[in-house]
Amino acid sequence: MRYFLFALVAFAGPLLAHHSFTMFDMTKKMTVVGTVTSFEWTNPHSYIEIDVPDDKGAVKHWSIEMGSPSILQQSGWKFNSLKKGDKPTLVISPLKNGMPGGFLNTATLPDGRVLGNGPGQGAQ
Amino acid sequence: MSRPMRSTFFSSAILAFALAQLASAQTPPDLTGVWGVYRGGRGGDPKVAPPPAGPLLLKPEYKKPYDERQKLVAEANARGEQLATQGAQCIPYGMPTMMSVAIYPVEFLQTPQQITIITEAFSEVRRVYMNVPQRSFDDVAPGYYGRSVGHWDGDTLVVDTIGLKPSIAGYRSMPHSEKMRITERIRIVAPDYLHDQITIDDPVVLEKPVTYTLAYKRMPKYEMVEFVCDNNREYVDEKGVVRLQTHEK
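Protein chains in written order, with numbering that gives the first Met the number 0: chain D, 0 to 123; chain A, 0 to 248.
By construction, these hints were calculated from the structure, which means they are not laboratory data. For each residue, glycine too, the CB sits at the ideal point set by N, CA and C. Careful: at least some of the hints might be erroneous.
[What the hints assert, rightly or not] Below are the BS3-like pairs computed for lysine-lysine, each with C-alpha atoms no more than 30 Å apart in a straight line: (1) A:Lys-70 to D:Lys-27; (2) A:Lys-70 to D:Lys-77; (3) A:Lys-220 to D:Lys-27; (4) D:Lys-77 to A:Lys-238; (5) D:Lys-55 to D:Lys-77; (6) A:Lys-216 to A:Lys-58.
[To be verified] Just the calculated beta-carbon pair ranges, DEER-fashion: (7) D:Pro-118 to A:Thr-182: 30 to 38 Å; (8) D:Ala-57 to A:Arg-171: 46 to 54 Å; (9) A:Gly-40 to D:Val-32: 47 to 55 Å; (10) D:Val-58 to A:Ser-176: 53 to 61 Å; (11) A:Lys-178 to D:His-60: 29 to 37 Å; (12) A:Thr-210 to D:Thr-30: 47 to 55 Å; (13) D:Leu-14 to A:Asp-236: 38 to 46 Å; (14) A:Gly-153 to D:Arg-112: 21 to 29 Å; (15) A:Arg-126 to D:Val-58: 37 to 45 Å.
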């Protein structure tokens, strides 16, 4: 604990490169299952664009934000881990404003692997 | 061995040892390589963790607006909103914040004439010109990285940087003037651990210079990842709040 406090005191830069998690409800986890329309291996964030059908068959489009490629590779992601047409299962923290977007926690890929969203975010 | 011969032999050996010591004293350590931010923390080695930062003492006329802004930021966070920052708009951090961004590493490339520092986040680049005089404030156009000159003080790289734009977000979001001067003392404190002790002096804004230390650990096999900010979905709304654009591009 002493070292933990020490580290907080010593902190001297942004903990996140781009923005905080404030816009997402990080206390909430919801599961999204659908069909990937694009997987964007980009900076400052990567994205999974995904069509999600509801119980009645209507499709809603979601944008799922991830870490940057540098961060993601530490969780085992590659630029081609997902492709258009794949059907992953995503656990996300949704946007607080109710828009169809969220921050990835874990993704179960078509091959069964479960990947997190960088160090400290989801499966490691 | 005769006595004169033995005497010559030992004198030569002592001279060779002294020369070797001198050479090693004059050869600076090689900082070349990739270094990851090391914050210590739980399970970390307290001997190489960064020491606590000194106090940030702003002059009253700067402290008041600074405190008010920090209050607004905290209130927005409590509402679940982030107020606009330069980072959220993909504007590079500049000096000195660029030296410690999240868990992104920095890379040093060292030659006798120049030490180049490249950060992974936003691919920012600093060039430290060795053993040349610093210019005056009037001769350095303010920018994100300023002009850096360096020299070796024993095993410590001393870097002097001036010429930084006041619009760049400062250390702990502090305001700063065009007269800000940053002095760094960069040293390998233990095998594979580097400290960058940063002192910010700004006679316009600060009551007295503020000093803090960043720690790094070598990442011997790491290859730096490209970071071009070409897919920024975050935008700032009319209230100055960061939002995520959710529709498909």
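Quick rundown of the hints versus the structure:
At most 30 Å may separate the alpha-carbon atoms for a hinted pair to count; Lys-70 of chain A and Lys-27 of chain D meet this at roughly 27 Å. Taken as a hint, the Lys-70 of chain A and Lys-77 of chain D pair is broken in the structure, with Cα atoms around 40 Å apart against an allowance of 30 Å. Restraint check: the Cα-Cα separation between Lys-220 of chain A and Lys-27 of chain D comes to about 37 Å, which exceeds 30 Å; the hinted pair is violated. For the hint pairing Lys-77 of chain D with Lys-238 of chain A, the CA-to-CA distance comes to about 37 Å; that exceeds 30 Å, so the pair is violated.
With a C-alpha separation of about 34 Å, the suggested pair Lys-55 of chain D and Lys-77 of chain D falls outside the 30 Å cut-off, and the hint is violated. Taking the CA atoms of Lys-216 of chain A and Lys-58 of chain A, the gap is near 35 Å; set against the 30 Å cutoff, the hint is violated. Judged by the Cβ atoms, the range 30 to 38 Å given for Pro-118 of chain D and Thr-182 of chain A holds: they are separated by roughly 32 Å. Judged by the Cβ atoms, the range 46 to 54 Å given for Ala-57 of chain D and Arg-171 of chain A holds: they are separated by roughly 48 Å.
Roughly 36 Å separates the CB atoms of Gly-40 of chain A and Val-32 of chain D, a value that falls outside the hinted 47 to 55 Å. Separation of Val-58 of chain D from Ser-176 of chain A is about 55 Å and conforms to the stated range, judged on CB atoms against 53 to 61 Å. For Lys-178 of chain A and His-60 of chain D, the Cβ-Cβ distance of about 51 Å falls outside the hinted range of 29 to 37 Å, so the restraint is violated. Range check, Thr-210 of chain A to Thr-30 of chain D: about 48 Å between beta-carbon atoms, so the 47 to 55 Å window is met.
The hinted window of 38 to 46 Å between Leu-14 of chain D and Asp-236 of chain A is violated, with their beta carbons roughly 23 Å apart. For the pair Gly-153 of chain A and Arg-112 of chain D, the supplied restraint of 21 to 29 Å is violated, since their beta-carbon distance comes to about 50 Å. For Arg-126 of chain A paired with Val-58 of chain D, a C-beta distance near 52 Å fails the hint of 37 to 45 Å.
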